[in-house]
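**Q** If you want the building blocks of each chain, they are given just below.
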Amino acid sequence: MNALAAVLRRLVLAFGLVLAVLALNFLLIHAAPGDPAEVIAGEMGGADKEAMASIRKAYGLDRPLHEQFFTYIGRSLQGDLGQSYLFNRPVSELIFERLGPTVLLVMTALLGAISIGTLLGVLASRRPDSLFSGAVTVLSMIGYAMPVFWTGILLVILFGKVLPIMPIAGMRDVRMMGAGPLAHALDVLHHLVLPALTLGLVYLAQYSRLARASMLEVLSLDYIRTARAKGLGEVSVTLKHALRNALMPLVTIAGLQFGNVISGALLVETVFSWPGLGTLALDAILGRDYPTLLGVLTFSAILVIVANLLTDLSYRWIDPRLRGR
Amino acid sequence: MAMHNPEPSPVASPGRSVQALSPGREAWHVFRSNRAALFGLILLLTLAATMLLGPALYGVKATEIVAPPFKPPFIDPAAWLGTDYLGRDILAGMLIGGRATVLVGLSSAAVAVTIGVTIGALAGFFGGWVDTLLSRLTELFQVLPPLLFAMVLVTLFTPSLYVVIFAIGVVAWTGTSRLARSEFMRLRHMEYTHAARAMGAGPARLMLREILPNAMPPLIVSATLIIGAAILFEAGLSFLGLSDANVMSWGMMIGSNRRNILECWWAVTFPGVGIFSTVLAFSLIGDGLNDAFNPKLHRR
Numbered sequence: 000m001n002a003l004a005a006v007l008r009r010l011v012l013a014f015g016l017v018l019a020v021l022a023l024n025f026l027l028i029h030a031a032p033g034d035p036a037e038v039i040a041g042e043m044g045g046a047d048k049e050a051m052a053s054i055r056k057a058y059g060l061d062r063p064l065h066e067q068f069f070t071y072i073g074r075s076l077q078g079d080l081g082q083s084y085l086f087n088r089p090v091s092e093l094i095f096e097r098l099g100p101t102v103l104l105v106m107t108a109l110l111g112a113i114s115i116g117t118l119l120g121v122l123a124s125r126r127p128d129s130l131f132s133g134a135v136t137v138l139s140m141i142g143y144a145m146p147v148f149w150t151g152i153l154l155v156i157l158f159g160k161v162l163p164i165m166p167i168a169g170m171r172d173v174r175m176m177g178a179g180p181l182a183h184a185l186d187v188l189h190h191l192v193l194p195a196l197t198l199g200l201v202y203l204a205q206y207s208r209l210a211r212a213s214m215l216e217v218l219s220l221d222y223i224r225t226a227r228a229k230g231l232g233e234v235s236v237t238l239k240h241a242l243r244n245a246l247m248p249l250v251t252i253a254g255l256q257f258g259n260v261i262s263g264a265l266l267v268e269t270v271f272s273w274p275g276l277g278t279l280a281l282d283a284i285l286g287r288d289y290p291t292l293l294g295v296l297t298f299s300a301i302l303v304i305v306a307n308l309l310t311d312l313s314y315r316w317i318d319p320r321l322r323g324r
Numbered sequence: 017m018a019m020h021n022p023e024p025s026p027v028a029s030p031g032r033s034v035q036a037l038s039p040g041r042e043a044w045h046v047f048r049s050n051r052a053a054l055f056g057l058i059l060l061l062t063l064a065a066t067m068l069l070g071p072a073l074y075g076v077k078a079t080e081i082v083a084p085p086f087k088p089p090f091i092d093p094a095a096w097l098g099t100d101y102l103g104r105d106i107l108a109g110m111l112i113g114g115r116a117t118v119l120v121g122l123s124s125a126a127v128a129v130t131i132g133v134t135i136g137a138l139a140g141f142f143g144g145w146v147d148t149l150l151s152r153l154t155e156l157f158q159v160l161p162p163l164l165f166a167m168v169l170v171t172l173f174t175p176s177l178y179v180v181i182f183a184i185g186v187v188a189w190t191g192t193s194r195l196a197r198s199e200f201m202r203l204r205h206m207e208y209t210h211a212a213r214a215m216g217a218g219p220a221r222l223m224l225r226e227i228l229p230n231a232m233p234p235l236i237v238s239a240t241l242i243i244g245a246a247i248l249f250e251a252g253l254s255f256l257g258l259s260d261a262n263v264m265s266w267g268m269m270i271g272s273n274r275r276n277i278l279e280c281w282w283a284v285t286f287p288g289v290g291i292f293s294t295v296l297a298f299s300l301i302g303d304g305l306n307d308a309f310n311p312k313l314h315r316r
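Top to bottom, those sequences are chains L and P. Quick note on this note's numbering: the first sequence kicks off at 0 and runs consecutively. Quick note on this note's numbering: the second sequence kicks off at 17 and runs consecutively.
Hints were generated in silico from the structure; no laboratory data involved. Every value quoted in this text rests on a predicted model; they were computed, and no experiment measured them. A hint or two may mislead.
Part of the chain L face toward chain P, derived, beta carbon under 7 angstroms [what the hints assert, rightly or not]:
hint: 1; residue: 160
hint: 2; residue: 162
hint: 3; residue: 303
Beta carbons: idealized from backbone N, C-alpha and C, even for Gly.
Generate the whole structure from the sequences, applying the supplied hints.
**A** Printed below as a string of C-alpha cells:
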C-alpha cells in the first residue's frame, strides 16, 4: 500500500511539472518583446490589421490575461498545441508525425551507449591500471569534448567521400518506393546507422567512464571481499554482485540525461536531415513559426518528465530498499 | 568518515614529504603530479595565447575574401589552411573564432554558476518550504531540453551575444544548484557553523562567510566543467545560425560551410578541432581539480 502511495505521489508531482512547463510556455509567449499576436503570427500577419484581429480573437488575446492562461492550459491538456502557420496544420499533428523518427534515433543511441558503455566500464574496472582501462578513460574524455554535430560532419565526410557505403542524409531512399515492408524497414535501419552512431558516441563516452567509476567504487566494498573470500569466481563476483549495484547510478544518470540526449538528437538530426522533432524545431525557427517551436519544447519536456518517471519507477524495482519510500 | 570531506587534509598523505602544506598548496601539488590535468592547463594556455595574439600576428581578416573559394589546405602558404566557399581564409577564422566561443563559454558559465549557487544555497541552508519551492523550480528547468530551450530563448529575443550568454546561463545552472544545495545542507550542520551562529551571526553571514568558502572546492570543479559544456552549447547555437551573425566563431564557421561539406572538408574540420581542444582542456583541468580537492578519493 505504501509503495502504491509513493508511486501516486510521483505521478502527481510529474503532472505538476507538466503544468509548470505549460505555464512557462505561456510566460515565454507573453514575455517576448512585441505583441503576442505578432509573436504567434510571426512574419505572416505583420501589417495586416484584419489578420491580427482574427488571431487575437482565435487565441482569445482580447480577453483578460488570467482567463487566457486557463484557456491555454485547458487546451494544451486536451492535446491542442495551436496551429502552425508555416505548415498550416495543427502543431500536435506535426509533432506526432515527427515523434517516431526522433524516438527511434534517441532510443537506439541511448540503449547502444548504455549497453556498450557498461560493458567497457566493467572490463576497464577489472584492471584499473591496465592499458585498456587507460584507453577507455582517454577515449571517454575525447568523446565528451567532441561537439556532436562535428562528429556527425566528420562521419558524413568519411562515408560520403572516402567510403560511400552508408546513406548520409534522410531516413528513406526515394528509389525504394513500392518495395515491401521488410525492405523499407531495412532501408530505415541503413539510414539510421550514422545518426545513431554519432549520437551514441557522446553517451558511450559518458557511460563507459561512469560505469568504470561506479564499478571501482562498488568493487572496493566489504561485501565484495566477502564474496571473494567465500570462493566465488571472478565472473560471478563481477556480474552478480558488483554490477547489480554499480548499475544504479547509471540508471539515474540515464534518466536525468534524457533532456540532454534530446538536445543532442536535435543537432544530429540537422546534420543528417533526419525527419524528427529537431528538424521540425529548426524549420519552425527559420520560418518564425512560434506555435510549432513552443509546441516542440513543451512536448520534449513532457517526454523528459515521462522518462524521469519511468526511471524513478524502475529504480524502485531494481532497488528493493527504495520500495515504499 | 572523512571520505566525503572535500577539504584536503592539512597533513601530507603518507609517501610524500611530511611537511605540512596549506590546502591550496597541497591541491596544487596533487594537480601538478596529474599529467592529464597539466596537459589540459598547458593546452588551455596555448589556446589562450593563440586567441589573444594570433589575429594581430597573422594580420589577415577572417571576414575578407582573400583567395579563390574552395582552396585546399597545406598547398599555398598564403592560405595555409585553405579557403571556404566564399574564399575566406580558414586560418584567420581559426585564430579569431575562438574568442567569441570562449568569451561566451566563460560568461554564460558565470551566469549559470551564479544562478545555481544562489538557488542551491538558499534551498540547502533554509530547508523546509523554501527548499521544496526551489527544488521544484530546479526540476522544472531540468526537464526542459537545454539546447532546445536555449534555441527558443534566442529566437524569442533577438540573437545578440548578450542574449546567447543569458540563454546558455539559464539552461545550464541546474547541476550546480543541486550540488550547492547538498553542500549547504551538509555544512550548515558543521560545528563551526553552529559556533558562528551561537556567536550571533545572521543567515547571510553564515552562508557567505562560513559555509560558502568551505563549499568552494566542489563548486569550482563544477564551474570548470560547466565552462566546457557552455562552450559546446555556444558552438551548437552558432552552428545552427542562432548566434550574433556579426561575430565570427568556430561554430558559425562550421555552420556556414555546412552546405559544402563534401567539396570543402577543411572548412568544417579545422574549426571543430578548435572547439574540441578547448572543451578537452577545460574538462581535463576540471578532472584534475576534482582529484586535487579530493586527495583521498584519488584513484587511478
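**Q** Is the shortest C-beta separation between residue 303 of chain L and chain P less than 7 angstroms?
**A** 4 angstroms, holds
**Q** Let me know if the C-beta of residue 162 of chain L comes in closer than 7 angstroms to any C-beta of chain P, holds or violated.
**A** 13 angstroms, violated
**Q** Hint residue 160 of chain L vs chain P: min CB-CB distance below 7 angstroms?
**A** 6 angstroms, holds
The structure fails to meet hint 2 from the earlier list, while all remaining hints are met.
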